[in-house]
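> Single-letter residue listing:
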Amino acid sequence: MRIVIAEDSVLLRAGLIKLLETSGFEVAAAVGEAEGLLAAVRQHRPDAAIVDVRMPPGFTDEGVRAALVMRREAPEVAVLLLSQFVEERYAADLLSTSTSGVGYLLKDRVADVSVFLDALRRVAAGGTALDPEVVSQLLLRRHRDPLDRLTPREKEVLALMAEGRSNAGIAGALVVSESAVAKHINSIFAKLDLPHAEGDHRRVLAVLRFLDGDT
Amino acid sequence: MGTRHQGQYGCPMASISPARRALEHAPWSRATWRDTAFVASGVPLQFAGWTIGAAFWTVWIPVNLVPLVVLATVSLLAMLLALRPLTSWQRERCWAMLGLEISRMPDFDDGRPWDALRNLRSPEVWRVIRYHLVVGPFLAVGALTTLATWMAGAFLATCASYAWALPYSNPLSLSAHAIRIGVLSGLGVLLLLAAPWVAAAVRRADARAAVTLLGPDRAAELERRVEDLAEKRASVVDAADLERRRIERDLHDGAQQRLVSLALNLGLARETLSGVPDEAMQVIIEAHEEAKEALTELRNLIRGLHPAVLEDRGLDAALSGVAARVPLEVALRVEVEPRASSTVEAVAYFVVSEALTNVVKHARASAVEVTVLREGDTLRVVVTDDGVGGADPSGGTGLTGLARRVQSVDGTFRISSPAGGPTTVTVELPCAL
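In the order they appear, the protein sequences are chains A and B. FYI, the working numbering numbers position 21 of the first sequence as 21, with every residue one higher than the one before it. FYI, the working numbering numbers position 243 of the second sequence as 243, with every residue one higher than the one before it.
It is possible that part of the hints are untrue.
Unchecked claim - Listed next, the stretches of chain A that the computed footprint assigns to chain B, with coverage defined by at least 3 CB atoms under 8 angstroms from CB atoms of chain B:
| # | stretch |
| --- | --- |
| 1 | 18 to 26 |
| 2 | 52 to 64 |
| 3 | 99 to 112 |
As the list claims (entries may be wrong) - Just the calculated beta-carbon pair ranges, DEER-fashion:
| # | chain 1 | residue 1 | chain 2 | residue 2 | range |
| --- | --- | --- | --- | --- | --- |
| 4 | A | Ser98 | B | Ala331 | 23 to 33 angstroms |
| 5 | A | Met1 | B | Gly275 | 20 to 30 angstroms |
| 6 | B | Glu369 | A | Pro132 | 52 to 62 angstroms |
| 7 | A | Glu21 | B | Ala331 | 39 to 49 angstroms |
| 8 | A | Ser98 | B | Gly398 | 36 to 46 angstroms |
| 9 | A | Arg149 | B | Arg333 | 18 to 28 angstroms |
| 10 | B | Glu329 | A | Gln43 | 44 to 54 angstroms |
Simulated from the structure, these hints should not be mistaken for lab results. We put the beta carbon where it would ideally sit given N, CA and C, even for glycine.
Let the hints inform the model, and build the full structure from the sequences given.
Now the structure itself:
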């Protein structure tokens, strides 16, 4: 799998390259700022890009903005944003274009190597990977809509769905049976008035409804 | 300042006994000689204004209208231009002889000499004119009266010594002459005793006139000072804010990246190393966990300083991040349009995050409500919890720090926390600093 990295800290860039290469990924390019990232993506057409949110010149949200441009220019390239702080607002921006092939994680998560690589693979395969902290922020800001009708447990399940987990993964995380998860999910679908369709599509719709707030 | 002036030139006599007062006004006392010297030194300066104006007319008195007008204008201008040096000499005199400091007046003293003429609409300039051309001459007359009293007193009191030279009408009535000399001597002594009081009175009048007419208006001066202080405080607050941002940036670029990299390497070692003794692996695992905890702590610390998202997206975005980290149900409502100044936003952010930290630590609450609303030029921040109440603003350092930071931008801080709850913290901040 070919990856492009955009990270302004030299130390961390080297660390990420090492991590990816020892884990069997191919690092097509590693750059230090947003402009370079866009050029590298155009040139290499990687499977995924790992992008730091805060990069030169402004050190605010250059990564988010570059990611948005990438989503427009090359939607087939998955984007995994990394940041020292996750902000609900940035997540909302990122997810407003599409919820497939995007991820947004705290930088700390790279320390949990296998979890991080899982997330990267999931995003590269067209899934989503949201940091639990982003999810809790998103939940907080979506009080005033049909989501209010969900029970706390259902909200947990929905949050895990948004993180991109499968039913089995959700069941594992909540320590319940898979059938209980399926029941919760059906109840979520019902409460969110989602039309009957293929399972995965409804899943995406539920996540979209979940994320589709006042962005 | 006022009281100091009062002590210098005014009458701080209320608390002083009549005996002390009389002693102070004895002809030989230091105060008396100082007063006399002071009023005498004023005479040339106080007459100078008119003298300069009149000087032109002693040289030439024109008869025709045009030269008359020209000369009048020239002499008037000369008088006005003389005001500034005269004023500064008068202030010097007050400072040197009475220790009385009279501040400069920006409208009058600053700029080039002729700027004072352009500022003719300023009350300051007119007060100065009043001193030099109206009050001054009267004060000079007072000063001359003082000197005359001294001199007359001295001449009369000592008249016995030259009585032989004085004319007397009838050579036979020597006793009548002696009585007359005696009466005159007594009168001289009385004048000598009175002179210090005259000197003190003129000195008081002179000093008072100098302070009120040659110095800045008290109210105007205070107003200027308040403005000055407000400006200084704003710049100090801004500097502190800037410093906080710099520290945040430094930590983010330095320690945080290093820690992430360290945790990453430890994580990599943990996952990929094989054939390591169990004990060594245990050490790696512990180090990895420690590094991750350190990262979390550092992240929370940095976010408390000044989050980048605040600058970037404003209070709503920054606060939703804070609220999400609180292990309570938080209802957050932020309506700040247009945005407040960045320093004020930083304070509002700090208020909410500190208040929430306090709630988590002490209130034993289950739900918190946070509202941040802009009402005109005021940013109103209200944090209410359903906890046990009894928060004491003088007790915890959290609340004191909070109140202090609010005051630094001229905001108000109120807390209501009856025992049993609920606790409400209300903060109002001016949107522009």
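> So, for every hint listed, does it hold in this structure?
To see whether the hints hold, each was checked on the structure:
no.: 1; hint: 18 to 26; verdict: holds (count 3)
no.: 2; hint: 52 to 64; verdict: holds (count 4)
no.: 3; hint: 99 to 112; verdict: holds (count 6)
no.: 4; hint: Ser98(A) x Ala331(B): 23 to 33 angstroms; verdict: holds, 30 angstroms
no.: 5; hint: Met1(A) x Gly275(B): 20 to 30 angstroms; verdict: holds, 28 angstroms
no.: 6; hint: Glu369(B) x Pro132(A): 52 to 62 angstroms; verdict: violated, 24 angstroms
no.: 7; hint: Glu21(A) x Ala331(B): 39 to 49 angstroms; verdict: holds, 47 angstroms
no.: 8; hint: Ser98(A) x Gly398(B): 36 to 46 angstroms; verdict: holds, 43 angstroms
no.: 9; hint: Arg149(A) x Arg333(B): 18 to 28 angstroms; verdict: holds, 21 angstroms
no.: 10; hint: Glu329(B) x Gln43(A): 44 to 54 angstroms; verdict: holds, 49 angstroms
The structure is inconsistent with hint 6 alone, although it conforms to all the rest.
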